[in-house]
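Generate the whole structure from the sequences, applying the supplied hints.
From first to last, the protein sequence lines stand for chains A and B. Residues 953 to 1268 (our numbering) are what the first sequence spells out, left to right. Residues 30 to 353 (our numbering) are what the second sequence spells out, left to right.
Hints are computed from structural coordinates only; laboratory data are not their basis. In this text the structure is predicted, and so the values were computed from the model without any measurement. Check each hint, because a few of them may be wrong.
Straight-line C-alpha distance at most 20 Å; calculated SDA-like pairs for lysine to any residue [to be verified]:
1. 163/B <-> 982/A
2. 246/B <-> 975/A
3. 1229/A <-> 200/B
4. 163/B <-> 971/A
5. 246/B <-> 967/A
6. 1229/A <-> 311/B
7. 246/B <-> 1251/A
8. 246/B <-> 989/A
9. 1229/A <-> 184/B
10. 163/B <-> 981/A
11. 1229/A <-> 246/B
12. 1229/A <-> 96/B
13. 163/B <-> 1168/A
14. 163/B <-> 1254/A
15. 163/B <-> 1259/A
16. 246/B <-> 966/A
17. 1229/A <-> 201/B
18. 246/B <-> 974/A
19. 1229/A <-> 295/B
20. 163/B <-> 988/A
21. 96/B <-> 1111/A
22. 246/B <-> 968/A
23. 163/B <-> 989/A
24. 246/B <-> 982/A
25. 1229/A <-> 309/B
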Amino acid sequence: MSGGASADHFRPHRRLRTLAGPIFGAACLLATLTGVVVLAVLMLAIVAAALSGGPEAGAFDVGGAARELASLLGRLVSGRQSSDPARAGYHAGVVSSLWLLGLTAAIGIPAGVGAGVFLEEYMPAGRLRRIIQTNIANLAGVPSVVYGILGLALFVRAFGVPGLALGPSLLAGALTLSLLILPTIVITTQEALRTVPPSLRQAALALGATRWQVVSGHVLPAALPGIMTGTILGLSRAIGETAPLLMVGAAGSLLRAPRGPLDRYTALPVEIYNYAKEPDRAFQPVAAGGILILVALLLTMNAVAIVIRNRFRRRR
Amino acid sequence: MPAPPTTLNPTDPPPPADDPWGGQSRASAVAEVVAPVLLALCGLVTVLTTLGILLVLTVQSVQFFLKAQVGVGDFLLGAVLKPEASPPKFGILPLAWGTFLVAFGASCIALPIGLMSAIYLSEYAPRAVRAVLKPALELLAGVPTIVYGYLALLLVTPVLKAVLEPLGFRVDQFNALSACIVVGVMIVPLVSSLSEDVLSAVPLGLREAAYGLGATKFEVSTRVVLPAGLSGVAASFILAVSRAVGETMAVVLAAGTMPQITANPLTSVETMTTYIVQVVGGEASYGSAKYLSLFAVGLALFAITLTLNILSNLVLRRYREVYQ
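This is how it looks when you write it as structure tokens:
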């Protein structure tokens, strides 16, 4: 190095530069951890709130707390709606939500997978397909409450045509949720179909299989794990939705659990909403316990989706 | 010695009808024609959904404007929303302001945190850490919004009260700040996972070139990788804002239902989404002006989120840097 001035030119702000890196990295790590911390705080606060109604236990009495939590959840699953927080429960909501899950799966999955298969395997690429594709992407971004408005006008009221209106029934709720998750299912189906190598289709076609034989016998089975993963994730979103169900008539108070698709219904998140906005603090454990039931249901569904994905990966 | 006879000899008698080589059966021929039609019908449902949304919202909104004797200008520029008063006043501005306040506050929290976690995950995180953190963030994205709303009531508002009330601020039970915080936390995973996808797609050669010129990791992250993925990051920001605008349950439990134009985030506001839910949950009778007003508000909400989504797509496509 000769001449201080020109050497300075080549290492400008050296100290600042070496300092800024680690500080920025640490800040980014902190930002990432906020998400994880929030998740932990969320669960802890909700478990604590669920336990707040019971007898005061020692802070480190984990076994006692777990027993109490189990008994609370057992009581909540079997209890009916009640204005008495000690007896209130989610029986009707759990039953309705399982009905909704089944009906939505029965309506939404065939429609969504069918649309995905049609777009990916049958429809020729072109302007029309691009328009439909854009339309589906935009549908995925429509707020859930707007689907609720659609369901209210289309299924519950049928524009005032008396014979067609389903009223506030399970079927109306399930149809609305099916439309809600349709874009998700179509998009994941298409993505799964795209991962099937074209050579598979060509091989089947070369052996003389027809188009439908190729699709139903070879492409769909190969894409099935991916389709199922996306479908389960879409269904778990539907189960957690509250706003559209409030719109299409999920009842605030329902004493009897629904027995058929045309019965009045409620839903687990709707009941949680009703208990949560109750000003009486005695309802706090009830609402928190309901959330734990909902989260347990969702975690089970997500775990199933992950297991399917992992088995699929290992086989490839 | 003569060759053993094969079944594929052209002079053989024709195979029996149930032979697997005998060509298509009737059933499969029918399936060949019917299947594509059924599949096309499924595809049609997606188009019909969009048309249905547009039709329902516009038809009922027109009914609202006729029934309530409100001009479109009065509706869009009216600063008072009192459907119960006589004559009733239907101005959407208080709802628009509430929506803006919550979306703006949530973005102030979510965009920096989401972007920084995206940078950490794509540039800084060791592989093992990333393998743990990424699914955790995805899990956070799967939490139902009602849970966030309950969290606002259970934790955020009491903490705000405990911190701000000794300082002399009055904090309402339902307040916009609490909604901003929970909605902000809610959309962080959206920003971070979409941005991270874009940032990790920036080719390695770009980073290596910058390192070769003596850049530090900080400089590579902020001056090379981030500008290269900027279009995707901006698109994820817009999508997150759109999600915040359309959020319902977290806001209704956190911010309450008080339609007012106020700069004070510690008081209750009402957003477009919460107004819609509140009208349906209330006593408004079917066909009344108040009931129909929810469709007009819904149309405005739909227009806003659709514009944001299209904008996000345009940004992503128009400003994408293409690497070979």
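Results for each hint:
The suggested pairing of residue 163/B with residue 982/A holds, with an alpha-carbon distance near 14 Å, which does not exceed 20 Å. Restraint check: the Cα-Cα separation between residue 246/B and residue 975/A comes to about 11 Å, which is no more than 20 Å; the hinted pair holds. A distance of roughly 18 Å separates the Cα atoms of residue 1229/A and residue 200/B; the hinted pair therefore holds under the 20 Å criterion. Between residue 163/B and residue 971/A the CA atoms are separated by roughly 27 Å; this puts the pair beyond 20 Å, and the hint is violated.
The hinted pair formed by residue 246/B and residue 967/A meets the criterion: a straight-line CA distance of about 14 Å does not exceed 20 Å. For a cut-off of 20 Å, the pair hint linking residue 1229/A to residue 311/B stands: about 15 Å separates their Cα positions. Restraint check: the Cα-Cα separation between residue 246/B and residue 1251/A comes to about 37 Å, which exceeds 20 Å; the hinted pair is violated. Proposed proximity of residue 246/B and residue 989/A is contradicted: the alpha carbons are some 26 Å apart, above 20 Å.
With a CA separation close to 14 Å, the supplied pair residue 1229/A and residue 184/B stays within the 20 Å bound. Proximity of residue 163/B to residue 981/A is assessed by CA-CA distance (about 13 Å); at most 20 Å being required, the pair is judged to hold. Simply put, residue 1229/A and residue 246/B have alpha-carbon atoms about 48 Å apart, too far for the 20 Å limit, and the pair is violated. Proximity of residue 1229/A to residue 96/B is assessed by CA-CA distance (about 33 Å); at most 20 Å being required, the pair is judged violated.
Among the hinted pairs, residue 163/B with residue 1168/A is inconsistent with the structure: their alpha-carbon atoms are about 35 Å apart, more than 20 Å. Proposed proximity of residue 163/B and residue 1254/A is supported: the alpha carbons are some 15 Å apart, at most 20 Å. A hinted pair counts as satisfied when its Cα atoms are at most 20 Å apart, and residue 163/B with residue 1259/A qualifies at roughly 17 Å. Simply put, residue 246/B and residue 966/A have alpha-carbon atoms about 13 Å apart, close enough for the 20 Å limit, and the pair holds.
The suggested pairing of residue 1229/A with residue 201/B holds, with an alpha-carbon distance near 15 Å, which does not exceed 20 Å. Between residue 246/B and residue 974/A, the direct Cα distance comes to roughly 9 Å. Compliance with the 20 Å bound is thereby established for this hinted pair. Proposed proximity of residue 1229/A and residue 295/B is supported: the alpha carbons are some 19 Å apart, at most 20 Å. A threshold of 20 Å between alpha carbons decides the hint, and for residue 163/B with residue 988/A the separation of about 10 Å falls inside it, so the pair holds.
Restraint check: the Cα-Cα separation between residue 96/B and residue 1111/A comes to about 16 Å, which is no more than 20 Å; the hinted pair holds. At most 20 Å may separate the alpha-carbon atoms for a hinted pair to count; residue 246/B and residue 968/A meet this at roughly 13 Å. Among the hinted pairs, residue 163/B with residue 989/A is consistent with the structure: their alpha-carbon atoms are about 14 Å apart, no more than 20 Å. Our distance criterion of 20 Å between C-alpha atoms is met by residue 246/B and residue 982/A, whose separation comes to about 17 Å.
Under the criterion of a C-alpha separation no larger than 20 Å, the hint pairing residue 1229/A with residue 309/B is consistent with the structure, at around 16 Å.
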